[in-house]
Amino acid sequence: MKLNAVDKNLLEQVADLHDTPQGAYNIRRDGEGFSRHSTENIQINVKEDKPGIDIIVKPGTKNESVHIPVLLTQDGINDLVYNTFEIGEGSDVQVVAGCGIHNDGSQESRHDGIHTIYVRKGARMRYVEKHYGEGESVGGRVLNPKTIIEIEEGATAELEMVQIKGVDSTKRDTEANLHKDANLIIVERLLTHGNQKARSDIVVNLREENSFTQITSRTVAQGDSEQIFYPRVIAYAKSRGYVECDSIIMDRAIVQSVPEITAHHAEAELTHEAAIGKIAGAQLLKLMSLGLSEQEAIEKILKGFLR
Amino acid sequence: MLELKGLSYNVSGKEKDIEIIKDVDISFDKGKLYAITGPNGSGKTSLAQLIMGIYPATKGRILFKGEDITDLDISERAKKGIGYAFQYPPRFKGLKVLDLLSLASGIEEETVARGYLRQVGLCPEDYLDRDVDPGLSGGEMKRIEIATLLAKNPEFVIYDEPDAGVDLWSFDLLLDVIRNKHKKEGITTILISHQERILSLVDEIILIVDGRIKDVGNKDKIWPVIKDVVGCQRDTLCSRRDKVETKCR
Ligand SMILES: Nc1ncnc2c1ncn2[C@@H]1O[C@H](COP(=O)(O)OP(=O)(O)OP(=O)(O)O)[C@@H](O)[C@H]1O
Ligand SMILES: [Mg+2]
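Line by line, the protein sequences give chains A and B. Under the numbering used here, the first residue of the first sequence is numbered 17, with each subsequent residue one higher. Under the numbering used here, the first residue of the second sequence is numbered 306, with each subsequent residue one higher.
Isolated chain B (complex conformation):
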């Protein structure tokens, strides 16, 4: 469904370019449920934003349903059926929750928007007329972000840490909504997450370390590798100070 071929992303640093994503090759199959995981700063969000077109690829190609979309802009990719729920959704002064949901669904009907809010566990009466501004809490913001993706209904969707800031009990509900959509409508879904529970639920986990794909597999395979990576990073950090040689696998 979506293929990344030799995808790299550099940003210019003080002295030389910094490689954020390094030569990533992977393909996502239609109708599967994926997780992308990896340490903070490993490049998960960057990879998602490359796919959405928010960042331009420095090298490599992106194919969606066989078509090369590397040179398409964000809205063109959105129209083709790619969606991305932001890790840190932006806030808008003067745009109401209702406006955002109507934009996302393309339907200017309150009843439609109400449905999406209920799905993410927010009472429509309390939220429809509120501005999507700093007055909303972090968890409320994340749920509204997820609601916009439900409303947009892309066939390929990436949720960037949908669990962040959402209380545990409500997150179960959100996860059910996302999984139901994936199952019933065959939406290819990627969850960027650190949660063990999510990693156990997906078909395949992609482990990203330092801008590269370190490993791909199910939880039993990936979990020990993650522990290893995290442990090793800690050791190398310490070893620099202690001047003891350690080598990461």
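Pulled out of the complex, with its shape left as it was, chain A reads as follows:
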């Protein structure tokens, strides 16, 4: 089997790939494994009890990446997968997940990915997940990812979750447990338009001493779209957590931001900040005074904001 033009475009959008990637990968298309490749250090195995894969990174693996894009090119597909990641002790890897939907049909296309991630002692993982949808469908493009992540002593995880275009409905659930000296950085970037709906729930448990998390969400809501953010940080030990939600609202959109911080320990330091507002008028005026049209100025400002 070969990748066709639609596949290739989706791959590029969600994983910056032009063809099958270097290193370990698993490409899932229309509810089935399409192609898969393991390397010496990164083993990918198909689960036997349910749909999905196990990704096992050997301890000490450095500077390697694994790509696990999911492509949906037909309507009427309701795809559910369970993926388990084992990021071995002391390793340093990048995971490029992401889902692209091309739907020209009348029925819904839907992918629900349930990810369980173990970042073992002293390991470092960068996880990038991009959502993208295209096509002239009346049927919706739906993505409901759920991520559960366990970050062991001295380990670091960076999650970058991006959805810029074409997903009609998304409900994202993220839950993390941080152990001693563990770090978790979450950056969420989202643009909704038309009648799209997006909801993101994040719970970060700072379970042990010196754990640290920083959650940032930058979003733009246009048209009649709706967004809800519910990031929560709960500290059970001497630890630090920052939550920042910043949204630009336009047209008739609705944005709700509810950052929540809870401390069960006297030496926890938690802060949150949330802002919703329109594009600052002075920013537009400044860019227009440099010769940009109003529309060009808006595009520049939004692009920068979501970068």
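Among the hints, a few may not be true.
Pair ranges (Cβ atoms, derived) [unchecked claim]: (1) A:K181 - B:C428: 54 to 60 Å; (2) B:G522 - A:G239: 55 to 61 Å; (3) B:D520 - A:G293: 38 to 44 Å.
As a list, the in silico BS3-like pairs of lysine-lysine whose alpha-carbon atoms are at most 27 Å apart [what the hints assert, rightly or not]: (4) B:K401 - B:K310; (5) B:K398 - A:K181; (6) A:K294 - B:K337; (7) B:K370 - A:K294; (8) A:K319 - B:K319; (9) B:K337 - A:K319; (10) B:K327 - B:K337.
Please keep in mind that the hints were generated in silico from the structure rather than gathered at the bench. What you are looking at is a predicted structure, and each value in this text was computed from that prediction instead of being measured. Note that beta-carbon positions come from the ideal geometry of N, C-alpha and C, so glycine has one too.
Could you slot chain B with the ligands onto chain A? The hints should help.
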């Protein structure tokens, strides 16, 4: 080069319209260096923003190189060669100094942007990749604002209090850059400022008081008038409380 004819600007107040700029007539000649000065709240920034198109004129016309530009929007005026450096430059989340300078110059080359930063006394290595956001100090922001105007290179440019927040020593350098451009390239330049030093350097000073042009001339002529205006304003303020009649000239 630029003519203002009976230019007025009103904003709507609680009960009636407030006149911010009142029937201003003036013309700026090509290649000259001007200063606009006047007390706080007298209308200097408003006048500059009327020229840039940020505020719409309530009455009157604006001519640029003989062409009526009163109905053109900001970007059209920018394209015709009018530039304005903001008194309070806005900050952007996610836009880098490099992006802003590239937008201004229309050239997406780092080396070009580097040059402008050096001219305003900022080390390119330290600033190119920084966001133009609240992380920059007031003085840094002003210098970057000036750099965007150098990059845009308009033939008619207004700098709104370029000295505000910039340390004295660095400002000398900035002033040299602005004056050099004015001299070498014949850029018609207006500096909005309160500084005596700047007022001594320009060809002509325009004194704005209470939304009107009070006087035009060189420093020797204008300086005593400013002192008079400021002194008088203080006296009238006090006289209201003391119920003593004072009349301003
Ligand atoms: N939208 C507005 N509504 C009401 N008053 C306004 C508005 N915009 C400006 N003004 C008033 O117009 C006057 C002129 O303001 P402007 O900013 O032009 O003054 P300025 O001469 O630049 O002052 P400064 O030296 O403090 O910069 C001020 O009294 C200001 O309060
Ligand atoms: Mg002003």
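Hint check against the structure, violated hint numbers in rising order = 1, 4, 6, 7, 8 and 9
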